[in-house]
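*Asks:* Listed here are the chains, written in short residue letters.
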Amino acid sequence: MQLPVSRRAALSWGALGALAGAALWPLSAAHAQFRVEISGVGATQIPIAIGRFRDEARAPQPISEIVKADLVRSGLFKSLDASADKLDEVGRPPLSDWRTKGADALLAGSIAALADGRFDIRYHLWDVLKAQDLGGLSLVVPAGDLRQAAHRIADEVYEKLTGDKGVFATRIAYISKVGRQHTLVIADSDGEGAQAALTSGQPIISPAWSPDGRQLAYVSFESGKAVVVTQDVSTGRRRVVAGFKGTNSAPAWSPDGRQLAVTLSRDGGSQLYLISSEGEGLRRLTQSAAIDTEAAWSPDGASIYFVSDRGGGPQIYRVPSAGGNVQRVTFSGSYNISPAISPDGRYMAYISQVDNGAFRVHLMDLASGSVKALTDSRDDESPSFAPNSKQIIYASRSQGRGVLMTTSLDGRIKAKLSTPQAEVREPAWGPQSANPKR
Amino acid sequence: MTQARFTSRLFALTVLASTALWLGGCGSSVKLDDKASNGPAPIVNAAPSGSSGNSVPSSNVAPVVVAPSDNAGADTSLPRVIYFDFDSNVVKEEFRGTIDGHAKRLMAAKGKKIVIEGHTDERGGSEYNLALGQRRAEAVQKSLTLLGVSPDQIEAVSFGKERPAVQGSTEEAWAKNRRAEIKDR
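One line per chain: the protein sequences are A and B, in this order.
Mapping the first sequence onto our numbering, position 261 (from 1) lands on 289, and the numbers just tick up by one.
Mapping the second sequence onto our numbering, position 100 (from 1) lands on 121, and the numbers just tick up by one.
If you're looking for bench data, these hints aren't it; they were derived computationally from the structure.
As the structure is a prediction and not an experimental result, all values here were calculated from the model.
Just so it is clear, CB atoms sit at the ideal spot from N, CA and C, and this is done for glycine as well.
There may be inaccurate statements among the hints.
What the hints assert, rightly or not - Lysine-lysine pairs mimicking DSS-like chemistry, simulated, CA-CA at most 30 Å apart:
(1) B/K163 <-> B/K134
(2) B/K133 <-> A/K188
(3) A/K273 <-> B/K133
(4) A/K273 <-> B/K163
Unchecked claim - Part of the chain A face toward chain B, derived, beta carbon under 8 Å:
(5) I233
(6) A254
(7) S282
(8) T321
(9) E322
(10) I379
(11) G397
This is chain B alone, in the form it adopts within the complex (with noise of 0.2 Å):
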């Protein structure tokens, strides 16, 4: 991938707000796209306020939970998500089903790329976790390409600690938030 297309798409990506800045005490402002094409869609309260006559004001908070933006599922019933132990970027048995799958389906479609996201549990510094995970993805990429997909429809990355699937502190989340996801481009 150029240099220049990636900043292309960085910058088509991304982030939503424009924020004044006071530095040296003269006014400027980040230049920031607002349009996140990818990202997720703006949360809008729709719930209606005071229309209903009612002359208290309403507590009532109807929750917006907007789905997060993968692209999971999108073209298979394949599981796209591979469990770690602790400590282990081993992929384990119990996963040889879905890395065979995800296998054939990229064998048998040779322009389809995928993503693997590497992710690990909260504990310790975020850029060690972030070459952890590197290390998770990079481990599920390789029992692919041994089984034949070719190295160019894989992108191995790493979110490390920052994207927990499950929030706390306990041992049930660690072992949810220590995985590799499967998306596809």
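Here chain A stands alone, though its shape is the one from the complex (with noise of 0.2 Å):
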């Protein structure tokens, strides 16, 4: 992808890559770690020191390296290398060393592994300009969480020096294809940690997190057809919820989790109905001899946003979820299709056809109904927000291969999550705090 930016940083994620191979790898190896690239820099970034983890070695994962790694993918940091001062949390690090060389802030911390097998990370930082101690905070957590602790560090760490809620330690769902395998995939934010839910031999689309992360509900043709089936993540039990006549398909969890909204074909054309989550009470929500399909709830649960053709070309629409009076949203552009409505309900993510014949990913301000396309690629697919509303996640292709990107809602900070060698897509971005776990 160009970006208009003169600033290209791959990431290396050697070290990491191999422990997370040994331990915590129950994919194949095609599945190998998401390789992070990223373009483009934000208007102001932190200059943030961060120290290796006093005897980080003992523990498997290299927590200040992810911590790091976080950071900088967030377009909002850059890292400078505190490793030689050997500091931790305990002792007051030479701040004004620090001003001197540019930090803005400074992290450090140690690790100790517990008589029970648990490790206790513990942190602190600082902010240098103001000599100013921002706090710290202990977390006692299984080797299998030491990833987790170390994105719950990054999302502090963002939180205090932004203000604004860090999502590093969210998951993301996704499918990857390799020959004729499918698997439904959960791995960090950051592509890491990556865990097959569910393979099949057969397509499976449009996953969609429960609003408290716990279960997914996706598409499956398992059967030979398509039919929405919910799986709760921890345990693998799965129910299908819409398996009618014909297909099923596009589920959107209600924001209080007790409805699915998803096109079925049941009646004839495809249509927009709600559903119970335990696949009960059925009720026809559109009726129109066009496609209504895409269901996308507003965060209050009043609306919701689906893509019609009713009009000619495909366009996004808006409807009371109790039923009623139907309003047309997007007005430019002959193919507009795949809305997302962000968790604050300001924005609307959605993919247009621009004059070129490209797919962009393009934002809406709800509120005035201004609209502009947050990338230059040509085959986006599939927006999803982070739950701070602060950045999409959405599919695309790069030298013919599907990869997942996120973009900032200005669409100037990009990273690139990919497999080498499995075709990605269908991202879908999870909820703060999923199973939430000390």
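Mind docking these for me? Both chains are given alone in their own frames, and the hints should help you get the complex.
*Replies:* Right under this line is the structure:
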């Protein structure tokens, strides 16, 4: 992807990958870890010095490296290596030295292996400019949760220094395809720690997280046609929520998690219906002779945005979730699909085909209706907001291969998450504090 | 079709691999039935290795192609694929004979059931294409029911762009992928 920005950095993930592969890699080598590339620079980048945590080598995950990579990937930080200083959270670091070296903030910590096999991670954050202690935390976690602990530390640092909630400790779901094998994958927000939730010889599309992060709804073709299934992520228990005659697709959880909007062809055509998350109480929402599909709820649950070709080509419309008058939302472009509403309710991301035929992620400010393209790529699909409404994950193609990208809402900071050998698509960003662990 | 019946069918046909989950730091696994009764046969590479006494490891690879598990041609030699123009769900005149043939055999055997699968080319979103493919399948369904076939004998479904007949991003490949396939139950 060509971006109008000069900086281009590929992060080094060597140490990380080797360790992840050894202990925590349930997927085959074909699902090797994401390589993260960043293009673009934020208006201001906070220079932060991050020291190697004391005794970090005794833990099976390179904690400070994970924290560093998270912060750099957000595009809002630049990292200064403070490993030579042998810092930890206990001593007072030489802040004036670091001010001279250009750091605005400094992070240091330590790791201790406990007798019960768990690890105690402690860290401290300092504001170097104000010579101020910004506090710290101790996290006690089993080895399997060390990555999540590192993401949690990155979240704390991000929030303290930017004022916005971090989303590093969240998870993403996506579909990978290797040969004829389709896999529903769940990974950390950085693409690491990938785990297969479902593997099938038939296509899987449209994964959607339940608001509590415990379940995924998706469309599976394993029975020879499209059926909407929900799956409990931690137990693997599955349930067919919509398996009516014809095609069942496009699941979207209501914000309270009790209902799903789905697209069914049971009564002919493709129309929107509401059904309980248990698969009961079917209610038809739209009545048209056109295609109505791809429901997306507003965060207050009052409206459902959807795609319809009732006006000719596909455009995005809105209908009250209780039923009622349908209003058109998109007016520019002749092909607008795949709406996603930001969790703060302010924006709609969607895919619009532009004049040269390319499909690109667009962002509409819902209050003003103003629209801008966020990418200059050709084959974008499936935008999904981060729970802090600051980033969007989407599928695109790069050098003939499906890749996953993230972008900031101004389109200036992008990161590519890609697997070397798999075709990846259909990303869905999970909610905050999915499966709280501590 | 009842929900319960469908559920059991789904699980009977369900996926092949059972995969360990390591969520929340504790191991659990997805319970998956591994008898894929209707699925493709597992690929077994039976190529002998080292049995010939050759001291150099052979780099020869015997390609194994597993036939698709569809039932095309099960009881008729009628063509089973109908192609569509770009952005169209009109069943073209050239497929009139195919439609007539299937209508006749379905009316002659009222117990016979078919599935019509609609497909699209790769351009555009997966869900919108799923709806477009459904429209194609329903267009074929309608041309059959207009000739007198009972709607109860037909299920129209869509694979959208998920199962192309031909790989590639050329006009030629796209034309081969914009189709509806008639399959016997």
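*Asks:* Return the numbers of the hints above that this structure violates; sort them in rising order.
*Replies:* 2, 7, 11
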